[in-house]
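So the protein sequences, as listed, match chains A and B.
Just so we're aligned: 192 in this note's numbering is position 192 of the first sequence, and the numbers increase by one with no gaps anywhere.
Just so we're aligned: 43 in this note's numbering is position 43 of the second sequence, and the numbers increase by one with no gaps anywhere.
For the record, the hints were derived by calculation from the structure and aren't laboratory data.
Owing to the predicted nature of the structure, the values given are computational and were not obtained by experimental measurement.
Heads up, some of the hints might be wrong.
Same chains, same names: a pair is fine if it fits in one copy or spans any two.
As the list claims (entries may be wrong) - With a Cα cut of at most 30 Å, we get these calculated DSBU-like pairs of lysine-lysine: (1) 22 x 211; (2) 371 x 296; (3) 320 x 296; (4) 296 x 133.
Protein chains: 2
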Amino acid sequence: KFTVDWDVESASKGGYDYFMLKEIHEQPTAIRETLLRRLDENGKIKLDDIKLTKEDLEKITKVYIVACGTAYNAGLIGRYAIEKFAQIPVEPDIASEFRYREPFIDQNTLLIVISQSGETLDTLAAIREAKRKGARILSITNVVGSSVARESDDVFYTWAGPEVAVASTKAYTTQITALYMIALDLALTKGTITEEFYFDTINKMKELPEKVERILENAEDIKKIAEDIKDSQSAFYLGRGLDYQTAMEGALKLKEISYIHTEAFAAGELKHGTIALIEDGTPVIAIAGQESLYEKMLSNIQEVKARGAYVISIAKESKKEIEAQSDRVIYVPDVDDILAPVLTAVPTQLIAYYTSLIKGNDVDKPRNLAKSVTVE
Amino acid sequence: KFTVDWDVESASKGGYDYFMLKEIHEQPTAIRETLLRRLDENGKIKLDDIKLTKEDLEKITKVYIVACGTAYNAGLIGRYAIEKFAQIPVEPDIASEFRYREPFIDQNTLLIVISQSGETLDTLAAIREAKRKGARILSITNVVGSSVARESDDVFYTWAGPEVAVASTKAYTTQITALYMIALDLALTKGTITEEFYFDTINKMKELPEKVERILENAEDIKKIAEDIKDSQSAFYLGRGLDYQTAMEGALKLKEISYIHTEAFAAGELKHGTIALIEDGTPVIAIAGQESLYEKMLSNIQEVKARGAYVISIAKESKKEIEAQSDRVIYVPDVDDILAPVLTAVPTQLIAYYTSLIKGNDVDKPRNLAKSVTVE
Chain A
1 KFTVDWDVES ASKGGYDYFM LKEIHEQPTA IRETLLRRLD ENGKIKLDDI KLTKEDLEKI
61 TKVYIVACGT AYNAGLIGRY AIEKFAQIPV EPDIASEFRY REPFIDQNTL LIVISQSGET
121 LDTLAAIREA KRKGARILSI TNVVGSSVAR ESDDVFYTWA GPEVAVASTK AYTTQITALY
181 MIALDLALTK GTITEEFYFD TINKMKELPE KVERILENAE DIKKIAEDIK DSQSAFYLGR
241 GLDYQTAMEG ALKLKEISYI HTEAFAAGEL KHGTIALIED GTPVIAIAGQ ESLYEKMLSN
301 IQEVKARGAY VISIAKESKK EIEAQSDRVI YVPDVDDILA PVLTAVPTQL IAYYTSLIKG
361 NDVDKPRNLA KSVTVE
Chain B
1 KFTVDWDVES ASKGGYDYFM LKEIHEQPTA IRETLLRRLD ENGKIKLDDI KLTKEDLEKI
61 TKVYIVACGT AYNAGLIGRY AIEKFAQIPV EPDIASEFRY REPFIDQNTL LIVISQSGET
121 LDTLAAIREA KRKGARILSI TNVVGSSVAR ESDDVFYTWA GPEVAVASTK AYTTQITALY
181 MIALDLALTK GTITEEFYFD TINKMKELPE KVERILENAE DIKKIAEDIK DSQSAFYLGR
241 GLDYQTAMEG ALKLKEISYI HTEAFAAGEL KHGTIALIED GTPVIAIAGQ ESLYEKMLSN
301 IQEVKARGAY VISIAKESKK EIEAQSDRVI YVPDVDDILA PVLTAVPTQL IAYYTSLIKG
361 NDVDKPRNLA KSVTVE
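Just chain A, with the same shape it has in the complex (with noise of 0.2 Å):
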């Protein structure tokens, strides 16, 4: 008797041996899919059905940036994008603290809130905190008519596709996506960003897709890196600027799947109190992808490894000397620090998943988590 060794779950991974290795594979299409359909034939961003003029933006005193998890961390990517972009000062906030703090919210308020599910129920209860003050929302979300949406003014929607592993890889990157052209066009309503700027980083952002795919070619060498850092207890994200927030995701998937207590700092802060963390082995990886903060985070890596720590490195191709400091680096291709955050974050997902992987845990469902938190 023949048997086919396969059933639904494992034909929708596609040959992945999990979702989360899938999605993350997916990503260069997504982000793809979520630029490109919002470009029309000039190349301009379309965000018609976001209906921000020029007069409402000029009324505009105050944008929050409300979400949870990794939603949270893409929004602390694109306040540095609208704040640089189009000179808006962005506050974001964790939605379950936002709902409790009596933020200054009135008709000038905008908020964006970003959720992938778009059921997050912290974040809908912001959202609905926000709409009775009277501030307008904008919601970044990846499933059409989701509550979220439903109960947003404008939305943009991700084009991830769906997303099952509970990690969230894709969406994040998306996210993020849609957060930069947010960004650019509030800037080119506002005139804080010329037309040349404006098209020249579209066309860097139409690279990334490429970029992303080259970095996932050598998916595999990470392995090594999950390896060395599978039995270790406690590990460490560094970054500066960008790169700190980067990190901050990188060190939610790794501790989210691998189980392996993982805190990010901003690395010059490590020297107030964590530095006393870093024994001999205990593994610090330093995301480098910002230029002008090259130097600095090369003395926070050297001031890490003095200690004894097996520091990896997440670089761009071009800054080899990295590799004096550090006991593995990691290339993404070489890219503006601003779009850096999408490529810097395929390493850290790679790194999880493997380890997460090499320790055997269920990648796609780690133990007491939920993907979409409908509950308090």
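With chain A held as given, fit chain B onto it using these hints.
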């Protein structure tokens, strides 16, 4: 031959085994001094050397609080107080991040910096950067004539007295005291609080030293908790709102001197990833000092308890029902939510102290750390 078993150092410890314990016990005096030396004969806060008039305040459109390490954590409490009392939005930032962020600074910006030593290099650099752009600088420091004090427009000196232990304790609680006073003064000047509320809050602050004293009377009880957690690799602090900020400081304290990897979470954020780390016996220290968030905290405690966590709760003494959810409870005297951080911090200091002591660490001089960080 008769020898006396003491040296200058141990003598200056005043009978305590370590400076840290001495400094923890000095907090009632330090808080009292910081408060009373700034009250005039009518019981009003006198910030006469801090020359912010109503006109000055009306011009201020942006307030940053910038610091490193423990001082940053104090700043997070100050942020709440200033936002709540004076209705001025405040943006907190880590000095080593702020320096490189291109923050929104002009002549209408007030920069509040906090540094115990007044020599923290990143904080000094932040002052210089902000000054160059025209911001007004108000500093909170413990050292008269320090660089931070000299380079600021206005200075609020804490009266903590010399702090020798690397792990900051009395500097932290006096910095918070200073921030409450600044918040009350700004609020009264702006007219966002009534005189009645102002004096009522000052009167409640006057009771803080004695309430801290009462917590310290039972300090030795915390040895039992230290025994229970000393062999853990990981620990977590949880809190919501102001308790989350206290959790951050508690986690920093525990990790820097006990070398247990301790991380703080906004309690509502736990289910977005970190709860995967909770195993049977994982110590979770839950701060439940906010009346308004108490029920929410109870459910978060139940969540971690259900995953096997060993729960140590820090709660107000009238909140006995928390015992049913907790393995241990440390009570602090009842107090207004906004002032609770001064009290709830004390048990976190004692947990860190006794855990470090029982582990045989050099409590006052943790590995890899310096008291005052004068390098980048």
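Hints, verified against the model:
1. 22 x 211: within (17 Å within a copy, 57 Å between copies)
2. 371 x 296: Answer is between; shortest inter-copy Cα gap is 21 Å, intra-copy 37 Å.
3. 320 x 296: Within one copy only: 16 Å inside, 49 Å across.
4. 296 x 133: For residue 296 and residue 133, the Cα distance is within 30 Å only across copies (23 Å; inside one copy 43 Å).
No hint from the list above goes unmet by this structure.
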